[in-house]
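Asker: Listed here are the chains, written in short residue letters.
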Amino acid sequence: MSNTIQVSVWRGAEEGEFQTFEVPRQPSQTVLDVITYIQRNIDPTLSYRFACRVGVCGSCAMTVNGRPRWTCRTHVDKVAGDGTLEVAPLRNLQVVKDLACEMTEFFDKMNRAEGKFHPTKTRDDDFDFIKPDDKKRKQASAGIECIGCGVCYAACDIVDWNKDYLGPAALNRAWTLVNDERDGGNDVRLAAVAGDAGCHACHSQQGCVEHCPKHLSPTHSIAGLKRETAKAALKGLLGGDD
Amino acid sequence: MASARVETKLWVWQRLSAAVLGLCVLIHLGMIIYAVQDGLSAAEIITRVSGNVLWFVFYAVFIVAVAVHAPIGVRTILNEMTNLSQKMTHMIMAVLCLIILVMGFRAIIGLYQAGASL
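Heads up: the protein sequence lines correspond to chains A and B, in order. Start counting the first sequence at 1222; every next residue gets the next number (this note's numbering). Start counting the second sequence at 337; every next residue gets the next number (this note's numbering).
Don't take each hint at face value.
[As the list claims (entries may be wrong)] Here are a few chain A residues that face chain B, going by a calculated C-beta distance under 8 Å:
1) K1337
2) P1340
3) W1382
4) V1409
5) A1412
6) G1416
7) D1417
8) H1421
9) A1444
10) T1450
11) A1454
[Stated by the list, open to error] Below, computed lysine-lysine pairings styled on BS3-like, alpha-carbon distance capped at 27 Å:
12) A:K1456 - A:K1356
13) A:K1357 - B:K423
14) A:K1456 - A:K1357
15) A:K1352 - A:K1384
16) A:K1359 - A:K1452
17) A:K1452 - B:K423
18) A:K1359 - A:K1456
19) B:K423 - A:K1456
20) A:K1452 - A:K1299
21) A:K1435 - A:K1342
22) A:K1435 - A:K1357
23) A:K1299 - A:K1456
24) B:K345 - A:K1384
25) B:K345 - A:K1456
26) A:K1435 - A:K1299
27) A:K1299 - A:K1359
28) A:K1352 - A:K1342
29) A:K1318 - A:K1342
30) A:K1337 - B:K423
31) B:K423 - A:K1359
32) A:K1357 - A:K1299
33) A:K1318 - B:K423
34) A:K1352 - A:K1337
35) A:K1452 - A:K1356
[Claimed, not checked] Per label pair, the in silico range of CB-to-CB distance:
36) A:H1424 - B:I363: 25 to 31 Å
37) B:A443 - A:K1299: 56 to 62 Å
38) B:Q449 - A:K1456: 42 to 48 Å
Hints were generated in silico from the structure; no laboratory data involved. Fair warning: this is a prediction, and the values are worked out from it, not measured in the lab. All C-beta atoms, glycine included, are put in the ideal place defined by N, C-alpha and C.
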């Protein structure tokens, strides 16, 4: 193993180029450690985003050697066998500067997919009692661990060619709420996620499943939305003449 | 962008027709494998299907399923890969559906009646 690693880092915004740095190798070094080393010791103008450093917050996702990853949970040893690394911003998002992306559109799409809770009760009502083995609860639990890092969004080829497509994370979020017994917003939610910018645009290529650091399956959630929107359409609930 | 309702209903139609096609293709392929055992000839095909109501109904269902399934898929591809308007891709879908129906039924009606002229 060489004592240093050659790191190509994207510099600029939409227009820019890769700049190469030489960084000392350390045991158990993560890609985030490498980027932080560059920023603190070589070039303080390097911009990137991180917070927790332990895979909880989801803010440090970048493209590492062509694949979207959490840099804090990616060991250099695993991805830079030949001693080189290429670190770029996430795909499918506007680049603010260097490795930092504009996440607004990503989170706006969560809202457009009605990824928010529509309460049906007040504080004066009793709790909903939902058993741990309830089928819908299990469906919701399967997708609920998403932390909104944007890795699936960057991995998705449909997002790449259809800028209106809501994307795997937003649709997965909608699916968890479709299965939430306490939620009353499904009519408006199913109308929001149907169509060629929603679940019906998904080709089930499963790039999201392949790359999700939480091992979730947005493709499974999207398939569920396709079934539920079909039922809603047959009941005439989706509305909207065209 | 087509409405959520239109898009969802087209999706349902495509899935339903796919289910029908899955069965039809299996029967069709099975029939081909069975039929070529003794060599394949036009006369042999005509002898089997001509005047046979069951085969006529089977292939009529097959054609309708294709006429539903394929144009919806072509529309989706055109919407994704070209800049054609929704109106235009809907029109292409409808025309393709008509072409498949006309050509398909022309063929099976011809085969159904062919035995009489042998």
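Asker: Could you tell me which of the numbered hints above are not met by this structure, giving the numbers in increasing order?
Answerer: 1, 2, 4, 9, 13, 15, 20, 21, 23, 27, 29, 30, 31, 32, 33
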